[in-house]
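Colleague: Here's the letter readout for the chains.
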Amino acid sequence: MARYGMVMDMRTCVGCQACMAACSTENQTPFWSEKFRTHVEDKETGTFPDVRRVQLPRLCMHCENTPCLSACPTGATHMNKDGIVLVNYDRCIGCYACCIACPYDARYAYDSEDVARERELYGKLVTHDVPHVDKCTFCVQRLSEKLEPACVATCPTHTRIFGDLDDRKSEVHKLAASGKAQALNQGLGTSPKVFYIPS
Amino acid sequence: MTFVHQEVWHWQIATYLFLGGLGGATFAISAVLHLFEGCDRKMLSVAVMSSIAFLVIGTVFLLADMLQPLKAIYALTNPRSWIFWGVVFINFYFVAAIAYVIPLLEEWPMLQPIIQKIPAPILGLLERFNKLVALGGSAAGFLVAIYTGLLISAAPAINFWNTPALPLLFVISGFSTGAAWLLLLSMLSSNPGAQAISAKLEQLDAMLIVTELIILGAYFNFAMFLPTGARASAEFLFHSPVFIVGFFVAGLLVPLAIETWGIFFGGHSEKDKPKLTMLLASALVLVGGYLLRIYVLKAGMFQYPW
Ligand code: SF4
Ligand code: SF4
Chain A
1 MARYGMVMDM RTCVGCQACM AACSTENQTP FWSEKFRTHV EDKETGTFPD VRRVQLPRLC
61 MHCENTPCLS ACPTGATHMN KDGIVLVNYD RCIGCYACCI ACPYDARYAY DSEDVARERE
121 LYGKLVTHDV PHVDKCTFCV QRLSEKLEPA CVATCPTHTR IFGDLDDRKS EVHKLAASGK
181 AQALNQGLGT SPKVFYIPS
Chain B
1 MTFVHQEVWH WQIATYLFLG GLGGATFAIS AVLHLFEGCD RKMLSVAVMS SIAFLVIGTV
61 FLLADMLQPL KAIYALTNPR SWIFWGVVFI NFYFVAAIAY VIPLLEEWPM LQPIIQKIPA
121 PILGLLERFN KLVALGGSAA GFLVAIYTGL LISAAPAINF WNTPALPLLF VISGFSTGAA
181 WLLLLSMLSS NPGAQAISAK LEQLDAMLIV TELIILGAYF NFAMFLPTGA RASAEFLFHS
241 PVFIVGFFVA GLLVPLAIET WGIFFGGHSE KDKPKLTMLL ASALVLVGGY LLRIYVLKAG
301 MFQYPW
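Going line by line, the protein sequences match chains A and B.
If you count by the numbering used here, then the first sequence holds residues 1 to 199, one letter each, in order.
If you count by the numbering used here, then the second sequence holds residues 1 to 306, one letter each, in order.
Honestly, the hints are just simulated from the structure, not real lab data.
Accuracy of the hints is not assured; some may be wrong.
Reference excerpt, derived from the structure (chain A facing chain B, CB under 7 Å, subset only) [what the hints assert, rightly or not]:
#1 Met20
#2 Ala183
#3 Gly187
Here's a subset of chain A near chain B, in silico, CB distances under 10 Å, partners left out [said to hold, decoys possible]:
#4 Cys72
#5 Gly94
#6 Asp105
#7 Asp111
#8 Asn185
Below, a list of computed lysine-lysine pairs in the DSS-like style, where the Cα atoms sit at most 27 Å apart [to be verified]:
#9 A/Lys169 / A/Lys124
#10 B/Lys298 / A/Lys35
#11 B/Lys42 / A/Lys124
#12 B/Lys200 / B/Lys42
#13 B/Lys200 / A/Lys35
#14 A/Lys35 / A/Lys124
#15 B/Lys117 / B/Lys200
#16 A/Lys81 / A/Lys174
#17 A/Lys35 / A/Lys174
#18 B/Lys298 / A/Lys43
#19 B/Lys131 / B/Lys117
#20 B/Lys42 / B/Lys275
All C-beta atoms, glycine included, are put in the ideal place defined by N, C-alpha and C.
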């Protein structure tokens, strides 16, 4: 039993979006409808002439106190033993209560058109065979093979650091516990498991 | 900090919220009228049948908006979710409304053959406990009406929705639309018994509109207080002419003025013809109630931390 989490080092992200591409390929997410499980926000801060561009990669925060899970009437949204928030596709009715409840824009509809398009592209290898609401899974299928999530493995700048927050020796534990990396929107009390080192 | 308009729930859900509030409140007010005022059974039967129709149509809109409506029964899994309770309340409502309305339908000669197919002991029971069912029905109607607000207030990052003022606003507005609908029915009815309650309904609706105005004041005061998504939503509404003119002026102030005039200067004797202005007031309250829900949904903005 682990408590998986991620740290984003915003000092190193260059906004190449390789993570988005890797996630999309790994998880067959509907890039054709421009829907992704992870995004990279490209922001400008400051006022001229003191202006900077900041990249903020984001995904489901796998909150400990999960508003999406509370809002889900069907139990489709659940947390596995490793603290990963997942959606059971067969159980999801697509009521969108979770999308309204999620404070981090982490969910989108994998609708019937997306399912049809996926079938065209992937044939027998489809993994989203029914319409449902979709989100990041920390690549559970890769974790079970002792591989890191696709976005983490792909990131060329080591912006994404993944590990077990309960493992005192892990980099994520050290960064989160030291306060060097902070969660977003902490005031909401969602206790996210994704943390950010400010740039 | 970024404010982003929610693109999840649109007019279909607004329709569901409107019809849920209207249907729930129509039944609740009808049941209370039955219990405390005594009211024409024919009109009550029309009111309750129409409220059932509102909820059926509303539910169809909700289901049509889902990705997998055929699996909707799974919604009875997680009691921490408001949708779970919505399903419970709506089913409780349907059972109560149907049990309540069956004895009333005996007033309609053309429905007699159908009613007579129901076994006499069951019909006897329904008749005997009609008032008790009315009591349960008023609770069910209230719960359905307030649920429509609770459902959308469960949105921690949509500050404009995530406040107890919203369920309160929706329940009062729902009851105002219910009273307006009943007022419309009572004025269109040729039955003196039905017309007799017009005055009561007019007063009730005027009181509800005043309450709604007070809640709106408190709600917008809260929303404007800090530069959060709630303020952005409120400003969006202030700049929406349809919301200001359609809902606030035509849907609240004008009907309130007409009803207040009616309370002080209008007569409701049996000889009075349905007054066009009063019919207009009721229709405006109904349109206003629908616009309120459409615009509250449109105004919902996520406040993201990036
Ligand atoms: S980020 Fe959103 S989807 Fe992910 S666990 Fe938190 S509330 Fe749920
Ligand atoms: S859309 Fe699916 S996962 Fe989301 S709340 Fe509804 S049933 Fe649950």
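Colleague: Each hint: holds or not?
Modeller: Tested hints:
Given the 7 Å rule on beta carbons, the hint for methionine 20 of chain A is violated: about 15 Å separates it from the nearest Cβ of chain B. Proximity of alanine 183 of chain A to chain B is violated relative to the hint, the smallest CB-CB distance being about 9 Å (cut-off 7 Å). For glycine 187 of chain A, the interface hint is violated, since its Cβ never comes within 7 Å of a Cβ in chain B; the closest pair sits about 9 Å apart. Because the closest C-beta pair between cysteine 72 of chain A and chain B is about 6 Å apart, less than 10 Å, the hint holds.
About 2 Å separates the beta-carbon of glycine 94 of chain A from the nearest beta-carbon of chain B, less than 10 Å, and the hint is met. Interface hint status for aspartate 105 of chain A: upheld, as the beta-carbon distance to the closest one in chain B is roughly 6 Å, under 10 Å. With a cut of 10 Å, the hint placing aspartate 111 of chain A at the interface with chain B holds, because the nearest CB-to-CB distance is about 6 Å. Hint status for asparagine 185 of chain A: holds, given a least beta-carbon distance of 4 Å to chain B, under 10 Å.
For a cut-off of 27 Å, the pair hint linking lysine 169 of chain A to lysine 124 of chain A is broken: about 41 Å separates their Cα positions. For a cut-off of 27 Å, the pair hint linking lysine 298 of chain B to lysine 35 of chain A stands: about 22 Å separates their Cα positions. A hinted pair counts as satisfied when its Cα atoms are at most 27 Å apart, and lysine 42 of chain B with lysine 124 of chain A does not qualify at roughly 61 Å. With a C-alpha separation of about 18 Å, the suggested pairing of lysine 200 of chain B with lysine 42 of chain B holds against the 27 Å cut-off.
Restraint check for lysine 200 of chain B and lysine 35 of chain A: not satisfied, since their Cα atoms lie roughly 54 Å apart, outside the 27 Å limit. Proximity of lysine 35 of chain A to lysine 124 of chain A is assessed by CA-CA distance (about 22 Å); at most 27 Å being required, the pair is judged to hold. Restraint check: the Cα-Cα separation between lysine 117 of chain B and lysine 200 of chain B comes to about 37 Å, which exceeds 27 Å; the hinted pair is violated. Straight-line distance between C-alpha atoms of lysine 81 of chain A and lysine 174 of chain A comes to about 22 Å, which keeps the hinted pair within the 27 Å bound.
Between the alpha carbons of lysine 35 of chain A and lysine 174 of chain A the distance comes to roughly 33 Å, so the proposed pair goes past 27 Å and is violated. At most 27 Å may separate the alpha-carbon atoms for a hinted pair to count; lysine 298 of chain B and lysine 43 of chain A meet this at roughly 25 Å. Taking the CA atoms of lysine 131 of chain B and lysine 117 of chain B, the gap is about 23 Å. The hint holds against a cut of 27 Å. Taken as a hint, the lysine 42 of chain B and lysine 275 of chain B pair is honoured in the structure, with Cα atoms around 21 Å apart against an allowance of 27 Å.
Checked against the numbered hints given earlier, this structure breaks hints 1, 2, 3, 9, 11, 13, 15, 17; the rest are met.
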